[in-house]
Amino acid sequence: MRTAPGILFALITLLARLAVGPTAAAAAEPLVVSAAMSLKSAFEEIGSLSASAAGVSRPAFNFGASGDLLAQIRGGAPADAFAAAAAKDMDILDAEGSLLPGTRFDFAANEIVLIVPAATVIGVSSFEELAKPVVARIAMVNPKTGPAGRYAEEVFASAGTTDLVQPKLIYAENVRQVLDYVARGEVDAGIVYATDAMTRPRDVTVVAAAPAGSHKPVVYPIAVIKSSAHPEAAKAFLAVVRSDAGQAILARYGFTPAPAAR
Amino acid sequence: MLDGLDGPALAALALSLRVAAIATALVALAGIPAGYLLARRRFFGRELIDALVTLPLVLPPTVVGYYLILLLGRNGLLGAPLYRWTGWSVMFTWQAAVVASFVVALPFMIKTSRAAIEAVDRTLLDASCTLGHSELWTALRVTLPLARRGIFAGAVLSFARAMGEFGATLMLAGNIPGRTSTMPLEIYSAVAGGEWGHAHILVLLFTGISALALYGANRLTRSSP
Chain G
1 MRTAPGILFA LITLLARLAV GPTAAAAAEP LVVSAAMSLK SAFEEIGSLS
51 ASAAGVSRPA FNFGASGDLL AQIRGGAPAD AFAAAAAKDM DILDAEGSLL
101 PGTRFDFAAN EIVLIVPAAT VIGVSSFEEL AKPVVARIAM VNPKTGPAGR
151 YAEEVFASAG TTDLVQPKLI YAENVRQVLD YVARGEVDAG IVYATDAMTR
201 PRDVTVVAAA PAGSHKPVVY PIAVIKSSAH PEAAKAFLAV VRSDAGQAIL
251 ARYGFTPAPA AR
Chain Y
1 MLDGLDGPAL AALALSLRVA AIATALVALA GIPAGYLLAR RRFFGRELID
51 ALVTLPLVLP PTVVGYYLIL LLGRNGLLGA PLYRWTGWSV MFTWQAAVVA
101 SFVVALPFMI KTSRAAIEAV DRTLLDASCT LGHSELWTAL RVTLPLARRG
151 IFAGAVLSFA RAMGEFGATL MLAGNIPGRT STMPLEIYSA VAGGEWGHAH
201 ILVLLFTGIS ALALYGANRL TRSSP
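In the order they appear, the protein sequences are chains G and Y. The numbering used here applies: residue 1 is where the first sequence begins, and numbers increase by one. The numbering used here applies: residue 1 is where the second sequence begins, and numbers increase by one.
Be a bit skeptical, because a hint or two may be false.
What the hints assert, rightly or not - Just the calculated beta-carbon pair ranges, DEER-fashion:
id, chain 1, residue 1, chain 2, residue 2, range
1, G, Ser125, Y, Tyr215, 54 to 62 Å
2, Y, Leu10, G, Glu128, 29 to 37 Å
3, G, Thr120, Y, Arg141, 50 to 58 Å
4, G, Ile12, Y, Phe43, 39 to 47 Å
I should point out that these hints are in silico values taken from the structure, not numbers from a laboratory. Given the structure is predicted, the values throughout are model-derived calculations rather than measurements. For every residue, glycine included, the Cβ atom is placed at its ideal position computed from N, Cα and C.
From just these sequences and the hints, can you work out the full model?
Structure, rendered in structure tokens:
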């Protein structure tokens with residue numbers, strides 16, 4: 001079969017061309033920003049803003065639970081900047097010397113809220129009431145992979161209901177999945193950030209905000225990764241996040257300003 | 001490394017074995033008759049049905065998971081009525097892991113059963129017919145016994161596939177330690193959480209079990225000496 005080697009050759013050269021193609025444009029690669037899932041809507045808008053303002057190409061966002069993103073960066077993932085939902089994940093990188101010195105700052109704050117499906121028939125009005133037998137399933141982020149999960153654990157500990165709610169907990173990959181589980185009615189209640197609940201007002205109802213002092217303050221740090229190939233572009237993006245326009249976008253999505261500390 | 005074989009690891013192993021065993025039993029119950037019908041009966045749309053039941057083999061597990069959620073979620077096509085009548089939803093239960101494993105393992109059983117039954121010498125089956133036996137009797141006493149090596153191989157492969165199910169299971173059953181965290185899910189969590197000792201022992205166990213299953217399947221499909 002003389003045509004078989006010919007077909008094989010054509011296939012291989014085609015694949016080779018596909019593989020080589022993207023890398024030829026490496027110089028004009030967009031910025032890669034790894035950001036906590038709760039920042040999705042706000043950052044996508046800030047990304048468009050930075051593209052039109054600073055004249056750089058739109059950043060490529062990698063959204064996920066902060067813990068997962070941290071593991072990726074430590075594993076060598078090519079992120080230029082990292083925005084986490086808790087200081088802890090950023091502190092780990094800081095301690096390892098993986099951040100570009102002088103670029104870290106806090107840019108937003110958030111609240112932990114309790115949500116239920118809009119069409120729910122179960123009456124729950126506080127975090128304490130989650131211990132009631134009528135509540136069968138509670139969704140929250142896996143504490144091992146996301147700060148939202150850790151904040152939820154802190155709220156339960158503060159209410160003294162940890163043991164009672166433990167058998168009912170359904171762990172999700174990130175806050176948006178918790179939101180989705182609640183919106184679809186797969187669970188009776190979920191613990192997310194106030195900003196996430198705002199994205200689906202018709203499908204979920206916020207019944208309570210976490211009591212003051214029941215969890216560590218939700219503060220978002222952002223920093224440039226030391227190994228970034230585009231440090232100046234990354235700093236430019238961070239500047240947009242810090243700017244009035246960037247902060248206005250965050251406020252519109254329900255974020256509150258970061259406490260003036262750093 | 002053996003200290004990685006702790007409570008959660010053993011729980012994941014026990015859960016995986018239980019889920020895979022039940023799924024394989026159900027797969028055999030549904031797959032063997034299906035393979036028989038596809039092999040022995042000619043009917044309109046036969047190859048189309050064969051393609052449809054083979055679909056989970058070629059679809060990514062996430063697509064299978066998607067369809068299963070659409071079908072069995074609390075608001076799903078079948079899940080909504082089920083919830084209305086019984087107040088029970090399959091999502092986030094170990095039964096969901098069984099469902100996911102069943103769907104992805106079924107094509108293996110059907111394909112191998114069909115091939116094994118098609119390979120049975122027709123003249124033997126015709127002889128049984130001329131001797132006055134019903135098709136059911138022939139199937140149970142002649143066809144299936146003659147095809148048993150291929151069918152057993154199919155069962156072993158189905159078991160291995162059921163053990164290894166990850167994507168659809170994660171989507172339908174979630175990853176709840178002790179309840180739905182099968183071995184593949186437990187390994188995923190361990191690696192994501194940096195618990196390498198834990199992952200190590202699970203991976204070795206899993207590789208051993210799968211290798212054993214494949215070896216068994218190969219031995220069975222080799223023609224009798």
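Okay, the hints, checked on the actual structure:
1. G/Ser125 - Y/Tyr215: 54 to 62 Å: Because 59 Å falls inside the window, the suggested range holds.
2. Y/Leu10 - G/Glu128: 29 to 37 Å: holds (35 Å)
3. G/Thr120 - Y/Arg141: 50 to 58 Å: holds (57 Å)
4. G/Ile12 - Y/Phe43: 39 to 47 Å: The hinted range 39 to 47 Å holds for G/Ile12 and Y/Phe43, with Cβ atoms some 43 Å apart.
Against the hints set out earlier in the document, no violation occurs for any number.
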